[in-house]
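> Those protein sequences? They're chains A and B, same order as listed.
Residues 1 to 115 (the numbering used here) are what the first sequence spells out, left to right.
Residues 1001 to 1112 (the numbering used here) are what the second sequence spells out, left to right.
Since the hints were derived computationally from the structure, they do not count as laboratory data.
Zero decoy hints are in this set.
Where chain B lies over chain A, by a calculated footprint (3+ residues, C-beta under 8 Å):
(1) 23-35
(2) 39-53
(3) 94-108
Heads up, the beta-carbon is just placed ideally off N, CA and C, and yes, glycines get one too.
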Amino acid sequence: EAGVTQFPSHSVIEKGQTVTLRCDPISGHDNLYWYRRVMGKEIKFLLHFVKESKQDESGMPNNRFLAERTGGTYSTLKVQPAELEDSGVYFCASSQARTSGTLQFFGPGTRLTVL
Amino acid sequence: SQQGEEDPQALSIQEGENATMNCSYKTSINNLQWYRQNSGRGLVHLILIRSNEREKHSGRLRVTLDTSKKSSSLLITASRAADTASYFCATGFSGGYNKLIFGAGTRLAVHP
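Just chain A, same shape as in the assembly (with noise of 0.2 Å):
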């Protein structure tokens, strides 16, 4: 079974611009996540979808940041105007239920660099 991917791997964009972001979780799974690590700082919370609802946004730094789940299947994020604060690595996670404790599968991570 495939795991949780994402892509691209790397982007280089320079400030200004857009970058979007995608992540396919584990089929089945209706729960998806969004985390960033930041310069080495700790992972953050971004966002918790469900289905194709969003559950709970509460760690979206500011409306640069857009997340969608048309269908409920694959997520996209998209940052825009990009700045430089940006940079880090975005991961992506899936879990099967929603309840406290259940296991999240993660993604190998998106690099972004804003120059």
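Using the hints provided, position chain B relative to the given structure of chain A.
Quick look at chain B alone, frame taken from chain A:
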């Protein structure tokens, strides 16, 4: 503010030695989990310990949880070069949500 904080930030040991990493957190939790990240790879779940548990084992891993001190430790016994990675603790909460709050991680280097 950061929920989990690991120490040390970096640890360098020889193969065969034990590695101990600590994690502290600030608020009440439902569970605490440890993850490993090899360079360029995703996070791999190692072990979960619930708030009503004090110790858990999985192979060469031993995790303890002290809710009174809001701290946990991960012990890797008889370390191997393949254990070289970053290790993160993450806390989970009650209330129907499954989001995880991570610490900044400990970079472990195991030298042959």
